[in-house]
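Model the full assembly from the supplied sequences, consistent with the hints where possible.
What follows is each chain in one-letter form.
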Amino acid sequence: MTGRSTVDEDPRHPLGGDRASTGRLGDRIFGGLATTSGILIVVLVTLVGVFLLWQAVPSLLKNEANFLLSREWSPSGANPRFGILELAWGTLITSVIAMIIAVPLGVAVALFITQYAPPWLSKPAASTIDLLAAVPSIVYGFWGLNIAGQYFQPVLSGIDGALGWLPVFEDQGTSAKSTLAFAGMILAIMILPIVTAISREVFAQVPTTHKEGALALGATRWEMIRVAVLPYGKPGVISAAMLGLGRALGETLAVLILLSTLSANADWSFSIFNGGSTFASRIAQGAGEFDTPQKTGAYIAAGLVLFVVTFVVNATARIVIDRRKAFTE
Amino acid sequence: MSSAQVDHAAAPPAAGVPTPSAFGEKSGGRAVKDVTARVVMWLAFGIAVVPLVWILGSTLVKGGHMLVDSVWWTNSQSGITSRRVGGGAVHAIQGTLIQAAVTAAMSVPVGVLTAVYLVEYGRGRLARTVSFMVDILTGIPSIVAGLFIYALWVTTLGFQRVAFAVTLALAMLMIPTIVRSTEEMLKLVPNELREASYALGVPKWKTIMKIVVPTAFSGIVTGVLLGLARVMGETAPLIILGPYTKVIATDLFDGLMATLPTMINQDRTEALQPALDRVWGASLTLILLVFMLNLLGRFVGRFSKVKG
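If you're matching them up, the sequences are chains V and U in order.
Each residue of the first sequence is one higher than the last, beginning at 1 in this note's numbering.
Each residue of the second sequence is one higher than the last, beginning at 1001 in this note's numbering.
Keep in mind the hints are simulated off the structure, nothing from the lab.
Bear in mind the structure is a predicted one, so any value in this text is a computation, not a measurement.
Among the hints, erroneous ones may be present.
What the hints assert, rightly or not - When the alpha-carbon atoms are kept at most 27 Å apart in a straight line, the in silico DSS-like pairs for lysine-lysine are as follows:
| hint | chain 1 | residue 1 | chain 2 | residue 2 |
| --- | --- | --- | --- | --- |
| 1 | V | LYS211 | U | LYS1033 |
| 2 | U | LYS1305 | V | LYS123 |
| 3 | U | LYS1033 | V | LYS234 |
| 4 | V | LYS234 | V | LYS123 |
| 5 | V | LYS234 | U | LYS1187 |
So, in structure tokens, the structure goes:
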């Protein structure tokens, strides 16, 4: 899952490249097929960008509101007005909440699995956390709304009572299970297995000599983790967090089911105890009404922004991983 | 040589005597921190397990009784309304399995061949680009994949929203997971096997087909099953491309086809108990399907000749 690249020159593969090919028909056909598949993937990703852009532009040109700074969303009719400000806010805040919970928790669970758990528990524990990724998004949403959500109400009231004077924690009267905060918490559960899996992998790779060196110098286990494991694993944890973020940004169903949408004339609020929409949830909501190209184009424009953002996040994660390789190999 | 050092070397520190350490003197504070960290790690794992147990528990309690009824496995929802108890999920289960099979049939060749390209052939800029694009594809949100196929299939080519379009979107999500897992497995195949084959004059493509891929086979199968488990639970592209229907349908290119995720999505806002029961039943069925694929994948992985 870490996306390690095999393309760098590797001394262990002296017959790599196409030097081992005999140049006969079978080799040329098979090599051609393999290369075509590779090219197909490059074409596919390029097509995604091109197609979304191509279909979004006509609607964007007709848009009478500022696409980036408007909160309105009425993409149909002769005077379409739509903007992504509310979607960007909802996506950002739910993802940030998810990260704040999932990254420390995921790192702690990864440390538990690799450094603390007794050997018999280590593997089953890892598989158990992996199973969290096997629960479908729609089930998380349905479960959150109908079962877990009610227990968030006292938490909301508690935080609002203590810190409600901050605009971020102001109670907006939204049902606790339909707030951005709770959607973020469910997202945290959903990205936890990703963060854990990748952190676990890098923590397991910490050279034993580093760890034993620290212990021999008199470090306690926690001090050993702080001076040997965490610094070594840092780039891995960063890319794990980025990949988790990429997933959280695009999660659709859980957020769609949980969040209560805001009415068009609701006052702007910075509160995490408010309803809202994300890019993905707004697109899914509109999925039933893709009837005119202009209307569809507006949703595709939102999808394009989401694509670009996740592209940047994932590319950053990739660069961080490659840097780490450069240092360790 | 100072006498202090000699003394130290001669007499190991007795219990209670501070041990000289690069991390400072042995103190209560350090021990407390160490114990606290240990407790926090155990606690973190405990917290992480809670949602899993909770979700499985609630789905089992609320949906379990639907699955023990044999009607669930034999009937569709044809003619059943939210008010009425009865009907099964066979239309949705069948749809999910058909779409998964078609998705796999499209993704496996492309994914495995791309991995073969990256490990056995690719060097230089093209290979680096392909590897980068696979990573990007891994990160594409499923709803964007759905939108892209919609833009291609419906808006541009003018076709209807059919099951085949769904499988195209799902294949986009499945290909990168297959590429990555297959790549890992192919890299684990010892180079000596390839060299021995070349030394016998076997062409490269036969070496790959008869030596490399078979050696990594069960690992590749594991990757395919885990990838399948991932796309089976996907709902977002289905909402855009594959509307729900209550009846059994098997045509990929004509009409609607029900799936378990869309069956859940259809009735999730219902207030009536019969409909809600079916939502929980469908959720449990879907979770069981995905878990079974996961377990099967791990089980097959045990027989791998190459170990990660």
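Cross-check of the supplied hints:
no., hint, verdict
1, V/LYS211 - U/LYS1033, "holds, 18 Å"
2, U/LYS1305 - V/LYS123, "holds, 20 Å"
3, U/LYS1033 - V/LYS234, "holds, 21 Å"
4, V/LYS234 - V/LYS123, "holds, 23 Å"
5, V/LYS234 - U/LYS1187, "holds, 25 Å"
Violated hints: none; the structure is consistent with every hint.
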